[in-house]
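Student: The lines below spell out each chain.
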Amino acid sequence: MTDLQVFFQQLITGLSCGMIIALIALGYTMVYGIVELINFAHGDLFMLGSFLALTIIGALGLDQVGVDSLVSWGIFPLFIAAPVFCGALNWGVDRFAYRPLRDAPRLAPLVSAIGVSFVFLNLGLFWGGAPMQVFNMGGAAAAPKDFPALVSNRNLLGDSVIQFTAKDLLVMGMTIPLMIGLTVVVKYTRLGKSMRAVAQNATAARLMGIDVDRVIGATFVLGGALGGVASVVYAIYNNTIYFQMGYRAGMDAFTAAVLGGIGNLPGAVLGGIVIGVVRAMSDQYIATEWTNAVVFSILILVLIFRPSGLLGAAVREKV
Amino acid sequence: MIGLTSRCVCMIAACLLGALGVAYAQDPNTIKIVSSLPQTGSANAQTSTMVNGIRMAIDEVGGKAGPFTVRYEPWDDASPERGQWDPAVEAANADRAIADPDVMAYIGTYNSGAAKIAMPKLNQAGVLMVSPANTWPGLTKPGIGEANEPMTYRPSGNITYFRVVPADDIQGLVAAKWAAEMNCKKVFILHDRELYGKGVATMFQKSAPALGLEITGFEGIEPKASNYKSLVTKIRQKNPDLVYFGGTTQTNAGQIAKDLRSAGLNVKYMVPDGCYEKAFIQAAGAENVEGSAFITFGGVPPDRLTGKGKEFYENYKKKYNSEPEGYAAYGYEAAKVVLDSIARAGKKDRGAIVAAAAATKDFEGALGKWSFDANGDTTLKTMSGNTVKNGEYAFVKVLGE
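Same order as they appear, the protein sequences are chains A and B.
Sequential numbering of the first sequence, starting at 101, is according to the working numbering.
Sequential numbering of the second sequence, starting at 21, is according to the working numbering.
Be aware that a few hints might be false.
Label pairs and their calculated CB-CB ranges [said to hold, decoys possible]: (1) Gly258/A - Asn203/B: 25 to 35 Å; (2) Tyr385/A - Lys206/B: 19 to 29 Å; (3) Met101/A - Asn203/B: 21 to 31 Å; (4) Glu307/B - Val234/A: 18 to 28 Å; (5) Ile386/A - Ala167/B: 26 to 36 Å; (6) Asp163/A - Asn203/B: 28 to 38 Å; (7) Asp163/A - Thr89/B: 47 to 57 Å.
Computed far set for chain A versus chain B, every beta-carbon distance over 10 Å [said to hold, decoys possible]: (8) Val234; (9) Ala243; (10) Ile276.
Far from chain B, by Cβ distances over 12 Å, these chain A residues were calculated [said to hold, decoys possible]: (11) Gly174; (12) Val184; (13) Ala204; (14) Gly281; (15) Ala304; (16) Leu399.
FYI, nobody ran anything at the bench for these hints, they're computed from the structure.
For clarity, every value in this text was computed on a predicted model and none was experimentally measured.
Yeah, the Cβ is synthetic: ideal placement off N, Cα and C, and Gly gets one too.
Start from the sequences and build out the full structure, keeping to the hints where you can.
Tutor: Now the structure itself:
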């Protein structure tokens with residue numbers, strides 16, 4: 101491989117990984133934008149989504165795609181079930197863990213979020229044991245599970261040294277339309293307008309006749325559903341899931357949200373992509389040992405010069 | 021923050037349990053043996069067969085060692101949020117063992133990093149510690165690990181720590197030799213930056229040049245990363261015949277195999293005994309390691325043991341109705357030697373039992389006939405090379421003879 105080829109290969113890897121981070125980051129940033137709560141449970145919610153996906157794969161008896169085909173039909177039920185499940189679960193979390201604390205001091209829902217995160221983590225640990233065994237997906241509770249390659253690894257660029265696989269295409273093909281769709285929802289629909297109104301001033305929004313709790317609930321559903329999509333994309337892209345993946349991926353996504361300007365949707369996407377690309381480049385040109393240090397140094401630098409994140413100041417409106 | 025809160029809870033819980041232990045009336049004829057192995061996390065498949073092995077050794081002698089009744093308690097040194105051994109839990113376990121006057125022997129740990137924490141504590145209190153799995157050379161051997169090793173683990177000046185498994189200085193060398201035998205020329209070395217993983221990888225790196233192997237890279241990975249695709253691109257650029265990973269299933273050995281395959285890289289992939297468990301094949305996906313993964317193991321696989329080892333294997337299968345993992349025989353052997361030491365000491369005294377263990381010579385156990393040397397290491401040196409066939413481990417050959 102020539103140096104230029106290596107660079108482009110890393111760019112592709114970085115973009116794909118970054119877009120997955122961005123999908124998760126949207127869930128953090130939407131919730132923060134509207135209720136100013138860092139939903140620590142979001143990463144673990146994402147993990148549960150992928151466990152559901154693997155359970156469905158087991159129940160349907162799906163295996164990895166053959167050599168000839170690019171995509172298994174099996175991904176369609178996953179892309180429906182996981183977002184529905186995660187959206188509903190996130191709504192439930194808001195309803196029972198955060199809504200009763202809406203008027204409590206800021207710290208109370210934060211602690212509640214950490215609690216929910218623990219509950220989910222242990223739920224994942226349990227789910228990875230006996231329930232997975234039912235479908236023969238590996239019964240060692242905490243062991244990483246192999247997620248069948250439902251999308252092929254075939255290089256779409258033919259014999260080129262640079263690999264752009266069907267998996268990369270899937271990541272981009274899911275992420276970009278979703279982001280456009282989300283922007284349209286927030287900008288032009290009635291729900292989007294109410295969300296922005298609640299974000300700016302909940303009391304005023306209530307006085308204008310907006311059902312604040314319903315709007316917040318809808319935001320949780322949307323954020324959770326995006327997390328659900330992300331969980332399937334992540335699992336197909338990396339082919340491994342384990343009960344702690346939510347913590348690690350959530351950490352990256354949360355960093356991305358802060359880097360882009362927490363509460364800002366395009367910012368979360370930009371933050372995710374920046375982190376993905378920086379990670380890949382740092383792995384290549386510095387050393388893998390230093391990658392985390394590089395990512396967080398960039399975060400610190402950005403926050404010193406732009407305390408509200410990359411896009412935080414440019415766009416005033418939240419959500 | 022998350023880790024901290026739960027650690028506090030663990031510590032408090034451990035303290036309470038410790039206090040309870042002290043409160044129990046002591047029986048002069050009862051001796052307690054405890055084990056500290058990670059039982060939350062993917063190592064559990066391995067460690068639960070080790071616990072079975074220990075139980076079996078105690079049952080075989082009818083729960084008696086000399087005049088004493090032996091009680092056994094398996095303790096966990098892992099925490100759910102780490103998914104592997106946790107320094108805070110290991111420290112609490114050691115303190116709990118010391119505080120309980122009935123505890124005469126501590127079987128553990130599984131991870132060398134955990135041993136570093138428990139060793140000085142137990143040494144100070146004079147409790148016998150026998151590890152069935154630690155392979156970091158510095159724990160016992162002077163001049164190989166860090167400058168202050170192993171004296172830093174022996175504050176009392178006496179040797180109270182023994183192991184029944186050969187250390188990594190042998191494993192790294194044996195792995196490099198095997199790679200050279202397989203006609204590999206260029207090697208890319210990865211490690212997980214942990215004591216064990218980096219230890220074996222470094223030993224491999226040191227022994228490689230003399231065997232005609234060219235090292236094209238030496239990198240520490242992040243064990244919790246979601247994938248290693250960018251690292252694999254870097255490896256692809258160097259075009260090696262073999263990738264050596266010093267690490268365990270818990271530090272993502274499976275994901276590396278997967279990413280190497282998905283990039284279409286046709287390299288051999290060699291890993292040390294920390295991956296010698298079914299969870300590794302499951303995590304990697306059998307198709308990604310079939311015939312291309314090579315695993316060195318500090319002993320011979322359970323079904324290849326001979327003599328007393330064969331008896332152990334047969335009895336184990338009969339008793340538990342399942343196959344033992346690679347380290348089950350070592351758990352069994354550790355318990356055997358502990359029981360033997362207690363019987364030979366003949367009194368309920370920590371010092372006497374340690375002295376009896378140190379004097380172990382020509383012990384005829386499941387692993388063969390061996391002794392403890394002056395450092396507390398086993399005199400056994402044989403290892404085995406394994407690969408994956410039809411989704412199962414397959415024995416290739418005996419190494420290091």
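Student: Against each hint, give a clear statement of whether it holds in the structure.
Tutor: Hint-by-hint comparison with the structure:
1. Separation of glycine 258/A from asparagine 203/B is about 32 Å and conforms to the stated range, judged on CB atoms against 25 to 35 Å.
2. Remark: the range hint 19 to 29 Å for tyrosine 385/A to lysine 206/B is upheld by a beta-carbon distance near 21 Å.
3. At about 24 Å, the beta-carbon gap between methionine 101/A and asparagine 203/B stays in the expected band of 21 to 31 Å.
4. Checked against the hint of 18 to 28 Å, the pair glutamate 307/B and valine 234/A passes, with Cβ atoms roughly 23 Å apart.
5. Range check, isoleucine 386/A to alanine 167/B: about 29 Å between beta-carbon atoms, so the 26 to 36 Å window is met.
6. About 34 Å separates the C-beta atoms of aspartate 163/A and asparagine 203/B, a value consistent with the hinted range of 28 to 38 Å.
7. Between aspartate 163/A and threonine 89/B the Cβ separation comes to about 53 Å, which falls inside the hinted range of 47 to 57 Å.
8. Listed as a non-interface residue, valine 234/A keeps its Cβ farther than 10 Å from every Cβ of chain B; the least gap is roughly 16 Å.
9. Against chain B, the non-interface label of alanine 243/A is violated: not every CB pair exceeds 10 Å, the least being about 4 Å.
10. Every beta carbon of chain B lies more than 10 Å from that of isoleucine 276/A, the smallest distance being close to 20 Å; the non-interface claim holds.
11. Residue placement check: glycine 174/A keeps its beta carbon more than 12 Å from all beta carbons of chain B (closest about 16 Å).
12. Interface exclusion of valine 184/A from chain B stands, the closest Cβ pair being 24 Å apart, more than 12 Å.
13. At roughly 19 Å, the least C-beta separation between alanine 204/A and chain B is larger than 12 Å, which holds for a residue marked as non-interface.
14. At roughly 25 Å from the closest C-beta of chain B, the C-beta of glycine 281/A stays outside 12 Å, upholding its exclusion from the interface.
15. Against the 12 Å criterion, alanine 304/A stays outside the reach of chain B, whose nearest CB is about 34 Å from its own CB.
16. Interface exclusion of leucine 399/A from chain B stands, the closest Cβ pair being 16 Å apart, more than 12 Å.
Consistency with the previously given hints fails for number 9 only.
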